[in-house]
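Chemist: If you read the sequences in order, they're chains A and B. Position one of the first sequence corresponds to residue 1 (UniProt numbering), numbered consecutively onward. Position one of the second sequence corresponds to residue 1 (UniProt numbering), numbered consecutively onward.
Bear in mind the hints are in silico, worked out from the structure with no lab data behind them. What you are looking at is a predicted structure, and each value in this text was computed from that prediction instead of being measured. Glycine residues also receive a C-beta, built at the ideal position from the N, C-alpha and C atoms. What you were told as hints is all true, and nothing was included just to trick you.
Which residues of chain B face chain A? A partial, calculated answer using Cβ under 8 Å: (1) Ser68; (2) Arg71; (3) Pro74; (4) Thr161; (5) Leu186; (6) Val189; (7) Gly192; (8) Ala197; (9) Ala200.
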Amino acid sequence: MTVDWSWIRDHTDDLTTLTLSHLQAALTAVALGLLISLPLAVVAHRVRPLRGLLLGLSNVLFTIPSIAVFVLLLPVSGLTRTTTVIGLTIYTLVVLLRNTVEGLDSVPAKTKEAAKAMGTRPLRTLLTVELPLALPVIMAGVRIATVMSISLVSVATYIGDGGLGQLFTDGFQRNFPTPVIVGVVLTLLLALVADALLVTLQYVLTPWTRRRRSA
Amino acid sequence: MYELFKDLGAWLVSGDQWTGPDGIGHRLVEHLQYSLLATLVAAAIALPVGLLIGHTGRGAFIAINLSSFGRALPTVGLVVLVFLASGLSMWPVYIALVALAVPSIVTNTYAGMTAVDPEVRDAARGQGMRAHQVLFQVELPLALPLIMTGLRLALIQVVATATIAAYVSFGGLGRYVFDGLAQRDLVQVLGGAVLVAAVAVVLDLALAALQRALFRHRPSAQA
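Just chain A, same shape as in the assembly (with noise of 0.2 Å):
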């Protein structure tokens, strides 16, 4: 199996088009996914009796073959970057729930207790005390469910999108596969560096835990 280096060459104007669209789709289904996941995840966290509910639901949700997800969204939203995004959220919602509820959970009872004393208002500890101490573990989430998506927008080459994974399609229905080890290898690619710019953010955003470690 040889790659033909000159159909890379020619065209390279649509690889940049594709990858560029993968990466929208991808990015795209993650900022929804923590707009939902958020306000779920404090509702999960302090309402114990929805807390199972939530979970369990999220988890048969991620049971349900991506490509089905995909199809079956076409009698609402049809042929279009629509499904892929909503498809897409739909599984990152999953992983970005389960670490939100996970990350509230590990901030200790003690510091929220604290909070308390000093006249913090709930809403007010939430954003300031929970969510920036419970941020390591949201990330890990975050960094999951971006590189999950970015691989899982191929599968929508199946309903005419699919970013990077029309090359999938191509290749397979020609029966040359320079356009599929470029489509697996520039996906490989986007994961990479997505998640090496969200490790660097999560360094940024939480300096505290590298105070702790250096002391």
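Using the hints provided, position chain B relative to the given structure of chain A.
Modeler: Okay, now just chain B, sitting in the frame of chain A:
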């Protein structure tokens, strides 16, 4: 929407749908065969690797990065790639499924091994236990809950992804998804998806029950 669910119900309970080579019964057996075989092979590869890395502490870098690599690998691309290299056979599907399952099992096994209290390990060694006794009689039992979590996660992923076998013209429940997709028959697609999800949930619950049964003999860890 209501009509769709009514049709789906009819599709799922109709007698003809369950029998014959295209029937749900046969597709279900195929799907289980792909999933269980792939998970078993993945476990046979991943468990020794995870135990070794956890026991010796060497290669931790690999264990940690493997999971992120496994998640990033686009399964469709992998299947097509192996398909183009090997021709029409089940190899692409099995290779892709095993590649999908190995990272979850390795990383969870490794995590379970490193979560064992070092003092417990030292105590076992202090009592004169040999390396393999420490590994199999102390570390492994203590790491088992996390190892089981890894196996459950891997199995769910494999069951959901085994759908892809139908993409390269093999069987399993993915047939309904891909055939329905080609024929624009939403009821069939929905039926396939519901069945795959049901299989994943049932298998996960079965493994959870097995896990509880395995730990019944052990007094609670806190005691």
